[in-house]
Amino acid sequence: MVSLNHYLFLSAILFAIGTTGVFLRRNVITVLLSIEIMLNAANLTIVAFGRDFGAVDGQIIVFFVVTVAAAEAAVGLAIVIALFRLRESLDPDAFTSLKW
Amino acid sequence: MGLELPLFYVFAAVAVVTSALVIGQRSPVYSVMLLIASFAALAGLYVLLDAPFVAVIQIIIYAGAILVLFLFVVMLLNAPKEAALRERVAAGPRRAGAVLGVVLAGELAWALWHAALSREPAGSGQGMSAQPVDSVRAIGQVLYTDYAFAFEVTSLLILVAMVGAVVLAKRHV
Numbered sequence: 001m002v003s004l005n006h007y008l009f010l011s012a013i014l015f016a017i018g019t020t021g022v023f024l025r026r027n028v029i030t031v032l033l034s035i036e037i038m039l040n041a042a043n044l045t046i047v048a049f050g051r052d053f054g055a056v057d058g059q060i061i062v063f064f065v066v067t068v069a070a071a072e073a074a075v076g077l078a079i080v081i082a083l084f085r086l087r088e089s090l091d092p093d094a095f096t097s098l099k100w
Numbered sequence: 001m002g003l004e005l006p007l008f009y010v011f012a013a014v015a016v017v018t019s020a021l022v023i024g025q026r027s028p029v030y031s032v033m034l035l036i037a038s039f040a041a042l043a044g045l046y047v048l049l050d051a052p053f054v055a056v057i058q059i060i061i062y063a064g065a066i067l068v069l070f071l072f073v074v075m076l077l078n079a080p081k082e083a084a085l086r087e088r089v090a091a092g093p094r095r096a097g098a099v100l101g102v103v104l105a106g107e108l109a110w111a112l113w114h115a116a117l118s119r120e121p122a123g124s125g126q127g128m129s130a131q132p133v134d135s136v137r138a139i140g141q142v143l144y145t146d147y148a149f150a151f152e153v154t155s156l157l158i159l160v161a162m163v164g165a166v167v168l169a170k171r172h173v
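Protein sequences appear in the order of chains U and D.
Residue numbers in the first sequence follow this note's numbering, run continuously in steps of one, and reach 100 at the last position.
Residue numbers in the second sequence follow this note's numbering, run continuously in steps of one, and reach 173 at the last position.
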């Protein structure tokens, strides 16, 4: 029998991988992909807890999270395209105009 | 159900390995492809969790729509390979990032472990033994009654995101 803890540990590992990606990668698209990994780790936790409680609410929350992720990806990628047009680069270190 | 545990480990291993490769990969196209594999493995896990609706959403919306959008942008911008980690990040920040990741993983595992332990006596006793709900029908009923307002707001969110994406990516507004 797969216990709740199995899923929680897997989710923790995936979330840590996503966080590490945000810190280590120097490509805005890959940083956005890392954020998607973190969102999915959170989704896995929600579904696992929902299963444990025997309620459908967890799955409905995941549905909303996926919708928000879709909106985030659309706007985020539009910003990436606009930034690329401005600087011809995808390196986050190239966008430092707001740095004091 | 002797098959459940081996299947869990297979899907979990695929998800972790492909996610790690997404981070380790230098070519963005491969990163997106590997992430699709990772999400497919997660969909398998959702099936194991008696959540076929979420599994289908994961495949159709995540792998089918969101990641294809990523792939479009990667190919549109002709994103170059990143330089090797060694060349672009100094040793200090690189080590700090790796240590931070490991610490975060340990901390999350500890917190989740205690969260699961503390509710064990109050809950069903051995976890995962709750009756699986008749998924899609039950989800529909709750979604269009209790969560009807949130559902409507979601459509507004998508509209705003659509307009925002067009305005941001357009050359002259």
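Check each hint, because a few of them may be wrong.
Stated by the list, open to error - These stretches of chain U come out as covered by chain D in the derived footprint (C-beta under 8 Å, 3 or more residues): (1) 36-43; (2) 46-52; (3) 65-79.
Said to hold, decoys possible - Quick look at which bits of chain D chain U covers, simulated, 3 or more residues with Cβ under 8 Å: (4) 43-50; (5) 101-113.
Treat the hints as calculated values from the structure; they're not laboratory data.
A virtual CB, placed ideally from N, CA and C, is assigned to each residue, including glycine.
Here's how the hints hold up against the structure:
no.	hint	in the structure
1	36-43	holds (count 4)
2	46-52	holds (count 5)
3	65-79	holds (count 13)
4	43-50	holds (count 5)
5	101-113	holds (count 8)
Comparing the model with each earlier hint shows no violations; every hint is respected.
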